[in-house]
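Given the coordinates of chain A, work out where chains B and C should sit on it, guided by the hints.
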Amino acid sequence: MDDILNSGTSPYISEASVSVEIETEDMTLNIGPQHPSTHGVLRLVAKVDGEKISSVEPVLGYMHRGYEKLAEVRTYPQITTLVNRIDWVSGFANEIPFIAATEKLMEIEAPERAKHIRLILTEMARIASHFVFNGAYALEIGALTPIFLAMEDRERILDLIESVTGGRFHPNFNRIGGIKPAAGSGPTTKKNIQDLPAGFYQDTRDAMEKVLEAVERMENLVGGNEVFKVRTKGVGIISKELAEEYGVSGPILRASGVKFDLRSQTDFLPYDKFDYEIPVGENGDCYDRWYVRLMEMKESAKIILQAIDSMPSGPLQTKVPKVIKVPKGQSYVRTENPKGEMGYYVISEGGLGPYRLKVRTPSFSNISILPVLLEGQLLPDLIAIMGSLDFVLGDVDR
Amino acid sequence: MKTFRPKLPGFLTGMKILLFNMFKTLSPLSPNPNVNYPFEKEIVAPRARGVIALDQEACTSCMLCARQCPDWCIYIEGHKELQPPAKPGGRQRSRAVLDRFDIDYALCMYCGICVEVCPFDALFWTPEYEYSEYNMGDMLHDKNRLDQWLNTVPEVEGLES
Amino acid sequence: MIDGSQVLVTAGIVLAFALNGAVIFTILDVKGASWMQRRPGPLHVGLRGFIFPLAEIIKFFQKEDITPTNVDSAVFKWAPAYVLASVFGLFVVVPISPTLVGSDLDLGVFYLLAISSLSTLGVLTAGWSSANKYSLMGGIRAAGQLIAYELPLILAVVGVVIQAETMSLVGIVEKQIEFGLPFVLSGQGIAFLIFMVAATAEMMRVPFDMPIGESELVSGFLTEYSGVRFLIFYIAEYMNMFILCAVASTLFLGGYHVPLLPTEWVNFYGPVVLLTKTVLLGFILVLVRWSFPRFREDQLQNLAWKVLIPLSLLNILITSIMKVVF
Numbered sequence: 008m009d010d011i012l013n014s015g016t017s018p019y020i021s022e023a024s025v026s027v028e029i030e031t032e033d034m035t036l037n038i039g040p041q042h043p044s045t046h047g048v049l050r051l052v053a054k055v056d057g058e059k060i061s062s063v064e065p066v067l068g069y070m071h072r073g074y075e076k077l078a079e080v081r082t083y084p085q086i087t088t089l090v091n092r093i094d095w096v097s098g099f100a101n102e103i104p105f106i107a108a109t110e111k112l113m114e115i116e117a118p119e120r121a122k123h124i125r126l127i128l129t130e131m132a133r134i135a136s137h138f139v140f141n142g143a144y145a146l147e148i149g150a151l152t153p154i155f156l157a158m159e160d161r162e163r164i165l166d167l168i169e170s171v172t173g174g175r176f177h178p179n180f181n182r183i184g185g186i187k188p189a190a191g192s193g194p195t196t197k198k199n200i201q202d203l204p205a206g207f208y209q210d211t212r213d214a215m216e217k218v219l220e221a222v223e224r225m226e227n228l229v230g231g232n233e234v235f236k237v238r239t240k241g242v243g244i245i246s247k248e249l250a251e252e253y254g255v256s257g258p259i260l261r262a263s264g265v266k267f268d269l270r271s272q273t274d275f276l277p278y279d280k281f282d283y284e285i286p287v288g289e290n291g292d293c294y295d296r297w298y299v300r301l302m303e304m305k306e307s308a309k310i311i312l313q314a315i316d317s318m319p320s321g322p323l324q325t326k327v328p329k330v331i332k333v334p335k336g337q338s339y340v341r342t343e344n345p346k347g348e349m350g351y352y353v354i355s356e357g358g359l360g361p362y363r364l365k366v367r368t369p370s371f372s373n374i375s376i377l378p379v380l381l382e383g384q385l386l387p388d389l390i391a392i393m394g395s396l397d398f399v400l401g402d403v404d405r
Numbered sequence: 002m003k004t005f006r007p008k009l010p011g012f013l014t015g016m017k018i019l020l021f022n023m024f025k026t027l028s029p030l031s032p033n034p035n036v037n038y039p040f041e042k043e044i045v046a047p048r049a050r051g052v053i054a055l056d057q058e059a060c061t062s063c064m065l066c067a068r069q070c071p072d073w074c075i076y077i078e079g080h081k082e083l084q085p086p087a088k089p090g091g092r093q094r095s096r097a098v099l100d101r102f103d104i105d106y107a108l109c110m111y112c113g114i115c116v117e118v119c120p121f122d123a124l125f126w127t128p129e130y131e132y133s134e135y136n137m138g139d140m141l142h143d144k145n146r147l148d149q150w151l152n153t154v155p156e157v158e159g160l161e162s
Numbered sequence: 073m074i075d076g077s078q079v080l081v082t083a084g085i086v087l088a089f090a091l092n093g094a095v096i097f098t099i100l101d102v103k104g105a106s107w108m109q110r111r112p113g114p115l116h117v118g119l120r121g122f123i124f125p126l127a128e129i130i131k132f133f134q135k136e137d138i139t140p141t142n143v144d145s146a147v148f149k150w151a152p153a154y155v156l157a158s159v160f161g162l163f164v165v166v167p168i169s170p171t172l173v174g175s176d177l178d179l180g181v182f183y184l185l186a187i188s189s190l191s192t193l194g195v196l197t198a199g200w201s202s203a204n205k206y207s208l209m210g211g212i213r214a215a216g217q218l219i220a221y222e223l224p225l226i227l228a229v230v231g232v233v234i235q236a237e238t239m240s241l242v243g244i245v246e247k248q249i250e251f252g253l254p255f256v257l258s259g260q261g262i263a264f265l266i267f268m269v270a271a272t273a274e275m276m277r278v279p280f281d282m283p284i285g286e287s288e289l290v291s292g293f294l295t296e297y298s299g300v301r302f303l304i305f306y307i308a309e310y311m312n313m314f315i316l317c318a319v320a321s322t323l324f325l326g327g328y329h330v331p332l333l334p335t336e337w338v339n340f341y342g343p344v345v346l347l348t349k350t351v352l353l354g355f356i357l358v359l360v361r362w363s364f365p366r367f368r369e370d371q372l373q374n375l376a377w378k379v380l381i382p383l384s385l386l387n388i389l390i391t392s393i394m395k396v397v398f
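The listed protein sequences correspond, in order, to chains A, B and C.
The numbering of the first sequence is the working numbering, which starts it at 8 and goes up by one.
The numbering of the second sequence is the working numbering, which starts it at 2 and goes up by one.
The numbering of the third sequence is the working numbering, which starts it at 73 and goes up by one.
Keep in mind that the hints were calculated from the coordinates and are not lab data.
Be a bit skeptical, because a hint or two may be false.
No more than 30 Å apart at the CA atoms, straight line, and that leaves these computed lysine-lysine pairs for DSS-like [to be verified]:
(1) A:Lys-217 with C:Lys-103
(2) A:Lys-266 with A:Lys-197
(3) A:Lys-111 with A:Lys-122
(4) A:Lys-280 with A:Lys-326
(5) A:Lys-280 with A:Lys-122
(6) C:Lys-131 with A:Lys-59
(7) B:Lys-25 with A:Lys-236
(8) C:Lys-149 with C:Lys-131
(9) A:Lys-329 with B:Lys-81
(10) A:Lys-329 with B:Lys-42
(11) B:Lys-17 with C:Lys-131
(12) B:Lys-42 with A:Lys-217
Please read all numbers here as calculations on a predicted model, not as lab measurements.
Only chain A is shown next, with the shape it has when bound in the complex (with noise of 0.2 Å):
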């Protein structure tokens, strides 16, 4: 059946079936910044014959926010608070390789306790934003139902995450040397320690079956679904080759066959004492890349659960002096964001804040593969390939 409906889709048609008497023009669409689809404020300007794309040129910028600028005037702990809106579906992944890379240049090590707490959220934003992934791109292929469901599990983890920082997107929750030891440094509120609430690890257990049975739930409502095999295998293949030549990172590499994971070669995050698997695609088309999403929810919630089993007893915070000053140096620290890899490079020239911050955000060089893979390719396969590529708008423009 699979090909009876695909017959006739090569996107390299012929010559032969272009009508070669009428003189015809490529229409130009303007997949504007306003589009239910473009995960943001995406623009792409296409040139279209009848249905087929010609060429595909993106526009960026629209959502540019000056991070870095922002950051030459603030001060270590405020950057802090700034940088997990940089990718804000997770909010805790982002503060993380900042942290390091500050704490790299000042040559101290976190305590072992903040190490396993601040796995435990890392994991913990990840199945979020993989949530918001799996509910998305079913609604841009068609099923109207599965982000409805997607977002109520959702909100298990994120009143998990709010149980412990306070906050649902934003956690602002990492200080240099740790996490953060009390709520306020006055006699009184300094006794008032932020560590895990009474009740974490019985609702972690619980949050973490759902999120089982969400998957699940989820591999058979849209996984199963001919309809959505129909639509995405076999629709966007990235090969091994163009992947690494343009530097994609995350599960779209992983798709595409290269089993390659940044979380095996942290050292300030203690993955080496888990027991977990990498799902490594085989073709690299999109359901491929849906698929690897799904199976990284699994693995998570299995990490989540032996961290909660094995976390060991400690203080929160190394001991940093009240006024951080950090020496003169430059570190460049990256891990595994959701989405891709996520480095920060730290200039530091002995002050209060740094002297510049660079950003390397996975999403940026996601897209840049977009008008090489896009050639060729049908309208409604330019939604689902830029819906399986997973970007946020917030990574691109920075």
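The following block gives chains B and C in isolation, referenced to the frame of chain A:
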């Protein structure tokens, strides 16, 4: 990566899931995941960052919070008052009195740096969230209003063992 | 001899039926969708939210009439009325009991299929006359889709006509009563499935709602319509859904007849039975709408031309052979 084989053809499984969802929503036995705001209010965690409360007596106008705020949304003005000395013949003490302590919630980022750096226990977080206004100027809470939020500061909760 | 007042009364009753059908199916679609998505749906309008179609109609009436500058004015303004008129015409021939029918034409089925294909022109002109590239693409996709799915619709019904030996709808129901079994069980099962799939495509519902792209061409050919003009398209869509489900239950499921009930009271229980069967079919369509993604345009055409038409031709062949042999 294994591929899964559902028992029914795929689209029938999807339709079955939605049918069961519908029965779950209609049955009075299963819990309702929706909060019918504004008739029912959502119960948030006690640590949630809703609004900041100020204890006027404890504040000494040291300006640490106003300096550390990333958005510079706290406006403080104070003056020093002379007080009688502790024992007769001693030096006169001075006390800082607040004239103005405004937080502009239209600018506030809810990051919590001000609460964290205050050395005198003057600022507290509360989980109240219903203070939206029709007029942007009303989002500037002056010190009397910030004082009223003190009633809503929750008790310190227990920690996980 | 055509009596003027009788024509007016019949037309008024048919109109009332049509609007009620559209309202029932709106409630089924929106409330059913909300329950499937684990939420209560429209709740505060009144009666636990079940009179929201009335609120929607009032809302659309009080909106501003926006006509963009570059549109082809006459065509733009009359396209919704055209689509509505072609849907209204279908309500005349569907019988709700052996004697209660707008007009029992001898060419009932032929008339139905001819009138329902008029809406293609309305949709295409609506898309073309709005001065908008997205609407143009939606209109062209709609034209291709509607023309492609006419054929399976017609061919599926031809099998029923062969088996019933008459084209009048009352005659077809009488034949099913004579057989004892509705046509879906006595040889036209595949034709029923083909008819339902083709009918879903004719109504432009998910999974065939490419012309109304929703996530690509924000509303397709309907993008520039707002206010009362959009209301007319909206009501026409739900009326179309109602009448096609009613036609399917008449042709395949036995219409107003249910065994074991006395036939003298058929004027009373006939409408209720037909309504129940229609709502059941509509519920299945709603379940399909909210669980399926949408087909790509060329996959849609492949499905029509390469799968449905050969199947329906095969069905006609088998039906004629069975009819001659038995």
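### Query
Can you name, in rising order, the numbers of the hints this structure does not satisfy?
Violated: hints 2, 6, 10, 11.
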